[in-house]
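Here are the chains, one letter per residue:
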Amino acid sequence: MSITCRRTSLPFVVLLSLFFGFATAGEIRVACYSDGNECEVTQDLAKRFEAQNPDVKVAVDKVPYKAILEQLPVQLAAGEGPDIARVTDLGGLSKYYLDITPYIKDPKYWEANFGQTLPWMRSSPSDKGIYGMMTQLTVTGPYVNKTLFEQANVPLPGAQATWDQWVDASRKVAKATQVPFAVAFDRSGHRFAGPAISMGSKYFDTKGDLVVDDGYKAMAKKLYDWNRDGTMPKEVWGGVGGATYRDAFEEFANGRVVMYLSGSWQIRRMDTQIGKNFDWIAVPNPCGPAACTGIPGGAAFVALKRTKNPKDVGRFLDYLASEPVYAEYMGRTENIPAHAGVAKKGVDYKVSPQAKAALTTFVGEVPKLSPVAYQIQGYKLNRAIFNPTAARLGQAIVGEMSLDDALKRISADIDEQVKAAGK
Amino acid sequence: MASLAGMLTARRGRGAFDWTDWFSYGYLALGLLLMFGPVVWLVLSSFKSAAALNEFPPQLLPYGQKTVVVTGHEIPLPLYRVTLPDGTTRELAEVRRIGIQATLVDPKAPEQEYKVNIRDRKPVREFQLALNNYIEIFGKFSFGTFLWNSVFITVVATLITLLFNAMAAFALSKYRFGGRNAVFLLIISTLMIPPTIILVPNFLVVSELGLLNSLWGVIWPAVATPTGVFLLRQYMLTIPDELIEAARMDNASEWRIFWRIILPLSAPALAVLAIFSVMWRWNDFLWPLIVLSRTEKFTLQLALNAFQGELTTQWHYLLAMTVITLLPVTLVFAFLQRHITTGIAAAGVK
Amino acid sequence: MNALDPPMRALQRVLGVPRIAWMFVGPNLAILGLFTFLPIVINFYFAFTGGVQLYPSERPFTGTENLSTLFDCGSYLDPATCRKDLFWRSIYNTGEFALLQVALMVALALVTALVLNRKILGRGFFRGVFFYPVLLSPVVVALIWKWVLQREGVLNAVLASAGSSPVGWLSDANWAFFWCVFVSIWAHMGFYTLILLAGLQAIPADLYEAAEMDGTSPWRRFSRITLPLLMPNLIVVLVLGLIRAVQIFDEVFVLTGGGPGSATTFIVQFIYQTGFAESIHQYGLAAAASLVLALSLLVLTLVQLRITRKNLDSPAGRGDG
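One line per chain: the protein sequences are D, X and W, in this order. Counted from 1, the first sequence has number 382 at position 382 by this note's numbering; the numbering is strictly sequential. Counted from 1, the second sequence has number 103 at position 103 by this note's numbering; the numbering is strictly sequential. Counted from 1, the third sequence has number 67 at position 67 by this note's numbering; the numbering is strictly sequential.
Do not rely on the hints blindly, as some may be mistaken.
Claimed, not checked - Once the Cα atoms are required to be at most 30 Å apart in a straight line, the calculated DSSO-like pairs of lysine-lysine come out as:
(1) X:66 - D:146
(2) X:108 - D:276
(3) X:115 - D:222
(4) D:276 - W:119
(5) D:202 - D:47
The set of hints was computed from the structure by calculation and includes no laboratory data.
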């Protein structure tokens, strides 16, 4: 390890340059996670943006979703982190958002086209800021293995059919075709919310606080019963712990489940992985006494306060939000637009007929969504009820506690989280 | 009884191949299956297509459906073994499927169409490696940068670990100074702290030091390993003090004694620590995830995990990326296996 | 590094020989101080504060509120009566896991070491076989087994070919617990086997020969020679194993996510989830829980201290200088 200057000088320079990363003026960093090809397309669009705006450099960092969910909040709390991030906890992080109203060309354009989803990123109803742009709108809804229905010779329930009718029909199909399970739901409090609202849950009491009401309890009871009597595969809701997300895609793709409640984001996977094995279709959300609704959702690119280049952040988001660019983004990522103008014109999806049909079904679900669904999705602390829904009902399903206890625990968990957030 | 003696006292029973030998070899065979079986299964699975991964029961080897080119059709058609209504089975190519009815043709005589229920046809398979899982992963990112970052962290952190730990071990094994035992206990006691629980305050420290998004932010917190100090100290205790005394007689400085005598003599223990350190740093995930958030600073582990989305687990990518991260460790193991195991046995616990 | 010699020599002249030791131990201590002890102190302070802010100075002091939240129980024996039921469930799970895992692992490691100590064919190779999983990262270990154990996995396929119906290995509470124990043994046993093997090889052969000539029974030889002489290594294995078992997190988190229900939720996972994974990051509560963990580990340390004291004061440890 004897040091002679000449020999070591070159590696030393390399070391030095590694040590002090060079921050370019006008550089913006975008933290992006991907469910499909979102980050790749963003990168493409960023390159085009750079060509038009040579003074700005956009770097897209593709990170694991875990980093967005768990590490990003810590980084932001420490005053670190990127300039723009693709996030899903839209309300929870709102205190770190930058209002880009001064930096965009036409706030009215944003209001007109993103008016429905802009409140999701706001901290309170009185807040009128513009904080970011939904990269897509997702809608929850069920998929059905049509081939199994045909094999069993059971007709598909009609458009206004209830959850009970669908479950009955699926049970018949499962029995006739010797498929082990009739129905599966993704393990997620968000997915659960659609049917719960259909059963009459309002999610909020008259004072506007989160509440476990009768509609919620009715759906919880159904989910519990379906898991206990073997209608649903127990390993989805009972298989993992805590609020861990687990989808039931594999069960559906293997033909082990007749009906599968998930959402529009699964279309691409359905298309590529099921292929010609069987016919899968998306169907409208079944009804309950109160509604026939799913719940909207999605991720957004949000501007973050800590940025040193707010102007460029505004410009880049403005660029992404412009109609042709947004339309292209939707077309290439096969997502449902959150942009009213683009939605109206329709997106030119280059996908298989099956996927196209499913996309059409989901797009058709958007106007039918219950106002409650928008309210809970736009609520800042919605995870305070979504997370315990998955965690506690999971515990009840595996028999660790009774359903009543689970519901009590959900209420207690909500109180604790809301209280902790208020401190 | 002699055989049981052999077993329990670690001496082989003399004479014939007795039951303890049977037990030993049976145990080792079972061990071989249990230790390597799951890994081999993972590697085999990583060469399967996403569709094949969803199959149950799974095939041992990666199989894909066989296709044939049929005149009159542009793309190759999938081949099925079909049971016809008259009870005969034939290999036919599927032209289309609507609902539960499939239309198939004989590849050699494509004129006649057969319509059968889809339950009466089974895909014909052939061996196919789904290299796409790997190609797509490599196509999606700049592999070189991530590999360089990983190697840089691993190598630099290991070198510093070796130096710092050896210095500390030297002081703790060859000097008598006030507070020595306290220092040793302090260092060892950090074994008790799972890194997970000090993640947040540690992040604050690193952030205040301005080490975020720097590879040094991963390296510095990792280099003072208690295991390393313990291991090296235990080994250095066995180095005779006379050597040091003799060097002092020759007017060698303490640093020179450390560098010229102690370090070379501790080579076996240093080798073991080096291997452990390489392995730890290469496998690190949670800490780099929180320190490094810029693509150009990503390690291989981080970049590969970027395939994990919110809503989807893509097993075909996940398996391929697991194999990629497994590979270097396995190679190191394959080549240095003997050194590692004998080294630990020698340096481990005296 | 010869270049370092002159300044070191000068330093040595200033400090004198025994105190130069601080120079050697300094860098290591500084790093530990900065990246381990300082965070521990911050964490300690966290435990007595509330709110969602990250910087200690911005966090309101709440005294023992976090601790009393954790200990708010109807009966400590029944987690269902506790306000933080998951905390108590995770504590009981961790205790059960640690005892089971360590007992089984040490027994298996001992058997493996005994087998490997025999003059068998390919001894070096088999030693490597058992050690291989030690090199894998916890995430990889968990993914490997998740892939084997999932409902559509190879284990169920093997069972199916034997005519049995598939088992939800990770969705049945008892099975999931079993597999957590199994997988963690799978991943760590090799290391402990080598430590025991080193001990076995250090036992002089003539001891056995003398005992054999006296006609001592094999069991007696095992219990009177092998076990006592292996004891130091066994104790190290037990203590290290126990500490690691209490800290179990990554493997299980990826394998089962703590489920089904909370059957495999262990204490570090509870801390991680409270501080990181919930929508509201409750650093204070997480830190308070880690305080409890630290205290219980301290008890383990004291036990270890008592046992290793002899080791510390062994003659070889008295370096002169």
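Checked hints:
no.: 1; hint: X:66 - D:146; verdict: 26 Å, holds
no.: 2; hint: X:108 - D:276; verdict: 23 Å, holds
no.: 3; hint: X:115 - D:222; verdict: 42 Å, violated
no.: 4; hint: D:276 - W:119; verdict: 57 Å, violated
no.: 5; hint: D:202 - D:47; verdict: 45 Å, violated
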